[in-house]
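Chains as they are written, first to last, in this note's numbering: chain F, 2 to 256; chain Y, 8 to 322.
It is worth saying that the hints were derived from the structure and are not from the lab.
Watch out, some of these pointers could steer you wrong.
Unchecked claim - A few chain Y positions that, by computed beta-carbon distances, are all more than 12 Å from chain F: (1) R115; (2) W182; (3) E208; (4) A227; (5) R257; (6) S261; (7) V293; (8) F302.
Said to hold, decoys possible - Short, incomplete list of chain Y residues facing chain F, as computed with Cβ under 8 Å: (9) I91; (10) A92; (11) P95; (12) P101; (13) L103; (14) S108; (15) M112; (16) H117; (17) G118; (18) D123; (19) R127; (20) A130; (21) R134; (22) F162; (23) N196.
Said to hold, decoys possible - DSSO-like cross-link-like pairs, simulated, lysine-lysine; straight-line CA separation at most 27 Å: (24) Y/K73 x F/K110; (25) Y/K140 x Y/K102; (26) Y/K73 x Y/K102; (27) F/K15 x Y/K80; (28) F/K110 x Y/K80; (29) F/K110 x Y/K102; (30) F/K110 x F/K15.
Keep in mind that this is a model prediction, so the values were computed, not measured.
Note that the Cβ used here is the ideal one computed from N, Cα and C, for glycine as well.
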Amino acid sequence: MTAWSWSQAPEAAKLTLPAATAVHMQVQLARTLRLRTLWPWLAVTLAVTLGGGAIVHFSVESADRFADYVDSWGIRAIALVALGLGTAAVRQDAEAGALSFFLLRPQAKTALPIGRWLAVSLVAGALGVLSVTSLWLLTQGTSAAMPFTDLLALLLAAVLAALSYSATFVTIAIWSRTAVGMSVGWLVLMDGLATQSTSFAVIAPSHYLATLLGHESPPETTAPAAVAALLGWTVLMLIAAAVRLQREPPLTHQS
Amino acid sequence: MLTPLPPDNTVLRMQRVTQQYGAAVALLDATFDLQPGVVGLLGPNGAGKSTLIHLAAGLKTPTRGKVTWLGGKSQGDPALEGQIALVPDGDSLPKLDSALSLVTMVLRCHGLTAHDAETRAKAVLSRLGMDAKWHEPLGGLSRGQRQRVKLAQAFAMPARLVLLDEPLNALDPMWRLEVAALMHEAAQNGACVVVSSHILEEVQSIAGWLLLLFRGRVVAAGSQAEIRALLHKRAQALRLKASDPRALARELLSRAPVTELKIDAHYLTVQASEPAELFLALPHAVLASGVRVDFAATDGDDLISLFQALAKEVK
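With these hints in hand, go ahead and build the complete structure from the sequences.
Spelled out as structure tokens, the structure:
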């Protein structure tokens, strides 16, 4: 093994934004893809799938009820996974005083929130896709069978939910010291109260996810507009996260 | 790649820097320059050391004043990227990461390839005695071991400014020596290593230059010799063991502006309005009185006394 020497460090080249993003994504995936971290979210996904299975088994005649269950609980489970993983993504470094280890390196600070968000989105999205696909498969051959086009809409909604909710919770955790409380509050406000009011619904991601899943009748927004709104929200959140890290990163010890 | 030092060798310059958190002033009007070498940042808890370190790292923007690095470069200057390393205060680290994975990832962010990053991470962790604990989760390590991992990430790549907030906490004497050797190696290669501590003696033995912080103010700055001279000036009392303390006291009274005098058996404690004059008068008084002095010591010329005196002034 090479002996350490201060002056004989290997040559390093400044990372491009995509390369730095990939490194941060790798950091987050290495932390997330362990049973110790992942089991609560696997349990949530499994519980939602089993719940769907129970509805198919016990009230198979009610196709509408099953579709409602898939739409609401399938997507809410993704929001919950994004909340759990997203709030921990940057906050655990900040709370451990380790954020500066990464921020002081020669790379764009923007790479950190983007990389962490991509990793959280990937895991939340994968679990969401797994869950909605399992639920769709459960209906096949029963009277509640959902058409293939419904599966496509569900998969699109699952991916967009993972991207937008993950961005939201990663950003809340960068801005707030009480990330979990704030995120739960935000979720209740946006998924609950805002969608009850037509005037406020336009700022709620769940409103646009409902559009994609055909919940609105007649729809107030077209599907492409809903996709654009969700992607726009995601970008807005990531900009907010990057601005905070650039100007005043959350540091724990400020005595 | 290290950015070259400017002609005046200034690594960090703070000009009238003030940092407020709401109404609380954490740092007030700090003005100083730092050059390569080991600098001790001394102050009791709550003096503003961590705030100063975060400002020096460029992780905070001061409420007022200006912080510049390497000859006038400001926060966000691309030439400063990778030039600053930091060990923050506190002993927590991401619990599930291993020492090797954390330091490797930090080095990957520095632009090293995966192979180079792991090789370098192993080398620096070995230097700090962590080779047997590479793969263990950081949450399971002792405080001292976690501190060494934090130091490893800071020393993993050369930097112009290395900021270490209470780096010797939880380290046993052997590792304190090793870490001091690392600091000196970095300083000899042109780095300015700032070591904060509230334990005065440990920094006195490492740093050549001292910065004393009290209640958010830089109350003294200078070389060890300059700070010693300052302490000498502030010496409050001279304590002597003499064969005839009364005779010696008489001589001192006639030669120095003595303000207080106390005799207890063979001991004489004497204070003067001008301590320097008292010290100059002492050998003459001893010769003139013909007494034998077995022991002489000053009270109030250590850093603790200096902080206590400064506390009274700041109040």
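*Run the structure past the numbered hints and jot down the numbers of the failing ones, going up.*
1 and 26
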